[in-house]
Amino acid sequence: MSLKVPILKLYDCLIVSIQWELDDHMAMMFQEDLLNKLYETGARGVVLDLTFVDFMDSYIAKVIGDAINMVALMGAKLVLTGIQPPVAITLVELGISLNANSTALDLEKGLEQLRKELGG
Numbered sequence: 001m002s003l004k005v006p007i008l009k010l011y012d013c014l015i016v017s018i019q020w021e022l023d024d025h026m027a028m029m030f031q032e033d034l035l036n037k038l039y040e041t042g043a044r045g046v047v048l049d050l051t052f053v054d055f056m057d058s059y060i061a062k063v064i065g066d067a068i069n070m071v072a073l074m075g076a077k078l079v080l081t082g083i084q085p086p087v088a089i090t091l092v093e094l095g096i097s098l099n100a101n102s103t104a105l106d107l108e109k110g111l112e113q114l115r116k117e118l119g120g
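1 is the number of the first residue of the sequence shown in UniProt numbering; add one for each residue after it.
To be clear, the hints were calculated from the coordinates, so they are not data collected in a lab.
Hints may be right or wrong, so weigh each one.
Unchecked claim - Derived DSBU-like pairs (lysine-lysine); straight-line CA-CA distance at most 35 Å:
#1 Lys109 x Lys37
#2 Lys9 x Lys77
#3 Lys62 x Lys77
#4 Lys37 x Lys9
#5 Lys62 x Lys116
#6 Lys4 x Lys109
#7 Lys37 x Lys62
#8 Lys4 x Lys62
#9 Lys37 x Lys116
#10 Lys4 x Lys37
#11 Lys62 x Lys9
#12 Lys77 x Lys109
#13 Lys116 x Lys77
#14 Lys62 x Lys109
#15 Lys116 x Lys9
#16 Lys77 x Lys4
#17 Lys116 x Lys4
#18 Lys9 x Lys109
#19 Lys77 x Lys37
Said to hold, decoys possible - Quick list of simulated restraints, FRET-style, between CB atoms:
#20 Gly75 x Leu10: 26 to 32 Å
#21 Ala88 x Glu108: 18 to 24 Å
#22 Leu105 x Phe55: 28 to 34 Å
#23 Tyr39 x Pro86: 28 to 34 Å
#24 Phe55 x Gly75: 16 to 22 Å
#25 Gln84 x Leu3: 18 to 24 Å
#26 Ser58 x Asn101: 16 to 22 Å
#27 Val92 x Gly42: 28 to 34 Å
#28 Asp66 x Leu3: 17 to 23 Å
#29 Phe55 x Lys116: 27 to 33 Å
#30 Asn36 x Ile89: 28 to 34 Å
#31 Leu73 x Asp12: 17 to 23 Å
#32 Glu93 x Leu10: 32 to 38 Å
#33 Gly42 x Lys4: 17 to 23 Å
Cβ atoms here follow ideal geometry from the backbone N, Cα and C, with glycine treated the same way.
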């Protein structure tokens, strides 16, 4: 049995906190679950918290980057929170584009920022 990344809905936002290192299969499940939940709920924003991720290999970085871009394609705003230095280095070195997505130091600040961006 594989673990699923929890995706919580709060008002018109989804809150996602990756609590453990993802393997390739879990990363693809996470991506699919996030997009399905976004579609099902009609959420206008996503806070993706990476506080507990202290290492990210190139495949997982690509899957996360793709998920971020897919959320934007579905019309939602995304704030990425809790990026640790090694993860930031990996994302930049691999050329993973975060486009115009916002970042914040922690989940609380990220949720506040997203609510401002959504006008509420």
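Outcome of the hint check:
In summary, the hint linking Lys109 to Lys37 is supported, as the alpha carbons are separated by about 23 Å, within the 35 Å threshold. Simply put, Lys9 and Lys77 have alpha-carbon atoms about 14 Å apart, close enough for the 35 Å limit, and the pair holds. Between Lys62 and Lys77, the direct Cα distance comes to roughly 19 Å. Compliance with the 35 Å bound is thereby established for this hinted pair. This hinted pair checks out: Lys37 and Lys9 have alpha carbons roughly 9 Å apart, not beyond 35 Å.
Restraint check for Lys62 and Lys116: satisfied, since their Cα atoms lie roughly 28 Å apart, inside the 35 Å limit. For the hint linking Lys4 to Lys109, the alpha-carbon distance of about 25 Å falls within 35 Å, and the restraint holds. Distance check on the hinted pair: Lys37 and Lys62 sit about 20 Å apart at the alpha-carbon level, within 35 Å; holds. This hinted pair checks out: Lys4 and Lys62 have alpha carbons roughly 19 Å apart, not beyond 35 Å.
The straight-line distance between the Cα atoms of Lys37 and Lys116 is roughly 22 Å, inside the 35 Å bound, and the hint therefore holds. Simply put, Lys4 and Lys37 have alpha-carbon atoms about 13 Å apart, close enough for the 35 Å limit, and the pair holds. Only pairs whose Cα atoms come within 35 Å are accepted, and Lys62 paired with Lys9 is accepted, the gap being roughly 25 Å. Straight-line distance between C-alpha atoms of Lys77 and Lys109 comes to about 15 Å, which keeps the hinted pair within the 35 Å bound.
A hinted pair counts as satisfied when its Cα atoms are at most 35 Å apart, and Lys116 with Lys77 qualifies at roughly 11 Å. Of the supplied pair hints, the one linking Lys62 and Lys109 holds, its CA atoms being roughly 25 Å apart against a limit of 35 Å. For the proposed pair Lys116 and Lys9, the alpha carbon gap of about 17 Å is at most 35 Å, so the pair holds. The straight-line distance between the Cα atoms of Lys77 and Lys4 is roughly 23 Å, inside the 35 Å bound, and the hint therefore holds.
A hinted pair counts as satisfied when its Cα atoms are at most 35 Å apart, and Lys116 with Lys4 qualifies at roughly 29 Å. For a cut-off of 35 Å, the pair hint linking Lys9 to Lys109 stands: about 17 Å separates their Cα positions. Between Lys77 and Lys37 the CA atoms are separated by roughly 14 Å; this keeps the pair inside 35 Å, and the hint holds. Checked against the hint of 26 to 32 Å, the pair Gly75 and Leu10 fails, with Cβ atoms roughly 18 Å apart.
At about 20 Å, the CB distance of Ala88 to Glu108 agrees with the hint of 18 to 24 Å. Distance hint check for Leu105 and Phe55: the Cβ-Cβ separation is about 19 Å, which falls outside the suggested range of 28 to 34 Å. Range check, Tyr39 to Pro86: Cβ separation about 32 Å, and the 28 to 34 Å hint holds. At about 32 Å, the CB distance of Phe55 to Gly75 disagrees with the hint of 16 to 22 Å.
Under the hint 18 to 24 Å, the C-beta atoms of Gln84 and Leu3, about 21 Å apart, fit the expected range. For the pair Ser58 and Asn101, the beta carbons lie near 20 Å from each other, so the given range of 16 to 22 Å is met. For the pair Val92 and Gly42, the supplied restraint of 28 to 34 Å holds, since their beta-carbon distance comes to about 33 Å. Checking the proposed 17 to 23 Å range against Asp66 and Leu3 shows it holds: the Cβ atoms sit about 20 Å from each other.
In this structure, Phe55 and Lys116 meet the distance hint of 27 to 33 Å, their C-beta atoms being roughly 31 Å apart. A beta carbon spacing of about 31 Å between Asn36 and Ile89 agrees with the range 28 to 34 Å that was offered as a hint. Checked against the given bound of 17 to 23 Å, the beta carbons of Leu73 and Asp12, roughly 18 Å apart, stay inside it. Between Glu93 and Leu10 the beta carbon distance is about 33 Å. The supplied range of 32 to 38 Å therefore holds.
Checked against the hint of 17 to 23 Å, the C-beta distance between Gly42 and Lys4 comes to roughly 21 Å, which is consistent with it.
Taken one by one, the earlier hints fail for this structure at numbers 20, 22, 24, listed in ascending order.
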